[in-house]
Structure formats: C-alpha cells, structure tokens
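Asks: So the sequence lines, in the order shown, correspond to chains D and U.
With my numbering, the residue at position 43 of the first sequence is 43, and numbering never jumps.
My numbering runs 1000 ahead of the 1-based position in the second sequence.
Note that these hints are calculated values from the structure, not bench results.
Worth double-checking, as some hints may not be accurate.
Said to hold, decoys possible - Okay, derived cross-link-like pairs now, PhoX-like style, lysine-lysine, Cα gap no bigger than 25 Å in a straight line:
hint	chain 1	residue 1	chain 2	residue 2
1	U	Lys-1181	U	Lys-1120
2	U	Lys-1120	U	Lys-1077
3	U	Lys-1159	D	Lys-30
4	U	Lys-1170	U	Lys-1181
5	D	Lys-31	U	Lys-1026
6	U	Lys-1137	D	Lys-31
7	U	Lys-1026	U	Lys-1142
8	D	Lys-30	U	Lys-1137
9	U	Lys-1170	U	Lys-1159
10	U	Lys-1181	U	Lys-1159
11	U	Lys-1170	U	Lys-1137
Said to hold, decoys possible - Between beta-carbon pairs, the in silico distance windows are:
hint	chain 1	residue 1	chain 2	residue 2	range
12	U	Tyr-1143	D	Gly-33	28 to 36 Å
13	U	Ala-1041	D	Pro-51	24 to 32 Å
14	U	Pro-1161	D	Asp-41	45 to 53 Å
15	U	Arg-1184	D	Arg-11	39 to 47 Å
Quick caveat: nothing in here was measured; it's all calculated off a predicted structure.
Backbone N, C-alpha and C fix where the C-beta goes; we use that ideal spot for every residue, glycine too.
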Amino acid sequence: MARTPSQKKPRTMTIDQFHRDRSALLTAAKKAGGVDVVNPDGSVRFHVSIPHAALPESR
Amino acid sequence: MLSGAFPAMADEAEISTIFEAGGEAKLPVIAMFAGIRTESALVEQLARLSAGDRWTVTEVFPDGVESDDVFVGVEWKIREGLVSSVMGLAPFPSMPVTRRAPYVCIAAWPGEHDNPRWTKFEKGIVHFLDTDLTNLKLPEKKYRALTKASIDATKELLKEPPDDARFYRKAAFRLSPASRKTLRPVFDR
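If we strip away everything but chain U, and leave its shape as in the complex, we get:
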C-alpha cells in the first residue's frame, strides 16, 4: 500500500499524484490527515478535493437507511470512463464501526479491474475488491478463507447497534446532519 501522511490539509493535486503513483505501482493508496479532528475540518478537506476536475463529492442515499445523517460519496477519476470509489475512515461517532479510525483517511484502489476473482464488478467504477492481488500469490482456498473471514468480521462488528455494510458501498463518510448545510456547496459543484 502507498501511504501519504498529511499533518494538515492537502491540496487535491497532492492526493491525485499519490493516487496516480499508486496506480502505476499497482498498489492501493491511503491518505491520512492527522490534523483533521472535526467534521467541519473534514468538510473543508472535501471542498478542497472537489475543486479538482478528477474529484466528485456527492450526497448518496443508500436504500433502507432510516437516518438524518448525511452519506458522502467520493470518487476519483482514474481515466476517461473509469472512476475509483473512495473509502473514508474517521474518528467520528456517526461513522460505522468498521470505518472508525484514529485519524481521518481516504483510501482507494487506483487501478483497473485487476482482480480476476471479482467478476461482478461495475464497468465504470472500481472498488477495493478490484485490487490486483497477484503479488500475494494467494491460492484459491486462502483467498476464499480471507474473504469469508473479512465478511464475517464485518457482519459481527455491524451487528450491534444494527448497521449494514451495504449502506457504505458508495458512501465514503457518514456524517451528522449538522454537516449537511456546509456540504451543500461541495455537493453542488
């Protein structure tokens, strides 16, 4: 994994360069923002990202969610016709337990549909499931066991209070309703 650690805010071009480098090296990428401690600071960082042509920040509405929380989708344009769905992590109580972390982070697979074992992909979008795992030389049995262990652990973590991993397939961040107003100009770009 290619990791970028930022003590403060980052320009969108800096994150894009790290993502491009990850794509070239066939490595997943993660950008960690040690200086972002509040939802409002995260919204400011999302606004910086959305200022770039390759970034899209939108409000998403997952089926079955009964909450006033705001679900934020983030996509990065890899090339014409292909975007990467960005995963977010953050230390905020509104985030699902599987996406809580000591620091705000964004992470993504910046390559193509490079996992031959993942065949149910959407043509125009890549997720972590599309990651090229060739270098790990995983036998089929080990791949299946790791996938099952990951799904089981996720279900267990999201059991109480009841939550569902499906809500976060296109949502990088789940933020409190108070952030909706400041996010509006970001969504409208």
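One chain only, chain D, in its complex shape:
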C-alpha cells in the first residue's frame, strides 16, 4: 500500500518472530507506522498496528 511522505516507515519482523515473540509484536505494533510481517524472501505478508483513535462524542 502506498504511503505519504509524512508516514513513518514500518518496522519489520519475520513470520517466525511474529508467532514466537508476542511481546516484540506488541511493542512494534504500538510504534508509529506499525510493523510489517515479512516472508522469508522479504516480501510483506501482512501489516500489524495499534492505531490511536479518539472516542466519539455522544450526542
């Protein structure tokens, strides 16, 4: 997916790390830009993030 210049480049982790180290996954997902989980050939398999959103105002 295309990113605008202001967006942070995501960190990467391997699919093996993703399954093995959930603490590292959560730490990386919390960072701006999130984390790309990559295949052994370096291609992006999927992206994980913890987006921050404000609560809606109740009417």
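Got chain D; can you put chain U on it based on the hints?
Replies: Using the frame of chain D, we list chain U on its own:
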C-alpha cells in the same frame, strides 16, 4: 485496537496469533482482508479459519428471520470453556447496513468478561460488550451516553429496509443463498 491488514488470504494461525496478542494486551482485535472482494473468496477464508482447532464456523438461525440468506456464526476459542463471538464486516449487499465496510474484516474481543458494567453476559462466550474499558476512564454518565448513542444510531440505520440488530448477535456474516452450498463443507467440519 490491535489491527492486522492482510493483502490476501490469511492462515488461521496468523489470525490466532493476532487474537492472542490482543488478549494479552487487553485490546480488541480486527483483521482486514483487502484482497477478498467476493462472497466465494470470503467462504475460502472461512474454510481456512475452520481448519484450525480454535475456530468454529457454523450456520446460525436467528429467531424471526424470514429470508433464504445464510447467517454465518464464527467463534474463536480463547481458552477451555470460553469462546469469543466474532463480528464480521463486508462490502456485500446481503450484509446489514451496520456491518457493511469497504473491506471484509473480522473483529472480536479476545479477553475475558472484563467489562464490570456488562452483567448480563453468557458464561462461556464473550462479545464486544465484554471489552475492558478501564483505560478509557469513562465516568458512568459518559458510558451510559455512549451506549445509548450507539443503540440509537444502530436502530436508525436498521430502520429502512426493516432489519434488527438481534439477528446478528451470533452471526458474523449474512451471505446470499448462493453461498450455502460452498459453505456446507465448512459448517460440517
């Protein structure tokens, strides 16, 4: 919220790992499948999920529904004795308007009964109403107002054509009757 964005299909273990991480972090989870554009592709993804021991995909029959559409329930096993009822979103016309989205998604609360304000829960199953809201530090009045606003908005959206949120309490997806045949082997697992 912990979000996983998949450009294509996902293995059930990948989704389970994201759900487990969400449970550990006490965050709701959502998995978005940007590459799923048709009901048949969604059925293939549901088949992949049902291949895993922690996933259950069933046909559900909500009371009062008069339709040939197929209602698909999806549950993820959190631990022995507790499952999470998964919510589905999709860009298909058979989906209720409150569950239509640009991409196919599954979303869930992967934790315990962590909302002390929600007391009418079922012991063996969690829904989004069970979400731990501690970090939001919501005063009681604000919680009540947000809950009411959500219920009112849902009723308004489902008013025309007539629909009912109760139909979707255990149904993640509402698909066209044409998908029933391809879903049969998934339901039979």
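Asks: For each hint, tell me whether it holds in the structure or not.
Replies: A quick look at each hint next to the structure:
1. U:Lys-1181 with U:Lys-1120: With a Cα-Cα distance of about 36 Å, the restraint between U:Lys-1181 and U:Lys-1120 is violated, given a limit of 25 Å.
2. U:Lys-1120 with U:Lys-1077: 20 Å, holds
3. U:Lys-1159 with D:Lys-30: Status violated; Cα separation ~38 Å.
4. U:Lys-1170 with U:Lys-1181: Given pair U:Lys-1170, U:Lys-1181 holds - Cα atoms ~21 Å apart, limit 25 Å.
5. D:Lys-31 with U:Lys-1026: 17 Å, holds
6. U:Lys-1137 with D:Lys-31: Answer holds: U:Lys-1137 to D:Lys-31 is near 23 Å, not above 25 Å.
7. U:Lys-1026 with U:Lys-1142: Holds - the C-alpha atoms of U:Lys-1142 and U:Lys-1026 are around 21 Å apart, at most 25 Å.
8. D:Lys-30 with U:Lys-1137: The hint holds at about 20 Å.
9. U:Lys-1170 with U:Lys-1159: Holds. U:Lys-1170 to U:Lys-1159 sits at ~20 Å (cutoff 25 Å).
10. U:Lys-1181 with U:Lys-1159: Judged against 25 Å, a Cα distance of about 30 Å means the pair is violated.
11. U:Lys-1170 with U:Lys-1137: With a Cα-Cα distance of about 29 Å, the restraint between U:Lys-1170 and U:Lys-1137 is violated, given a limit of 25 Å.
12. U:Tyr-1143 with D:Gly-33: 28 to 36 Å: Distance hint for U:Tyr-1143, D:Gly-33 holds at roughly 32 Å.
13. U:Ala-1041 with D:Pro-51: 24 to 32 Å: 25 Å, holds
14. U:Pro-1161 with D:Asp-41: 45 to 53 Å: 48 Å, holds
15. U:Arg-1184 with D:Arg-11: 39 to 47 Å: Once the Cβ atoms are compared, 42 Å apart, the range 39 to 47 Å for D:Arg-11 and U:Arg-1184 holds.
In terms of the numbered hints stated before, the structure departs from hints 1, 3, 10 and 11, listed from lowest to highest.
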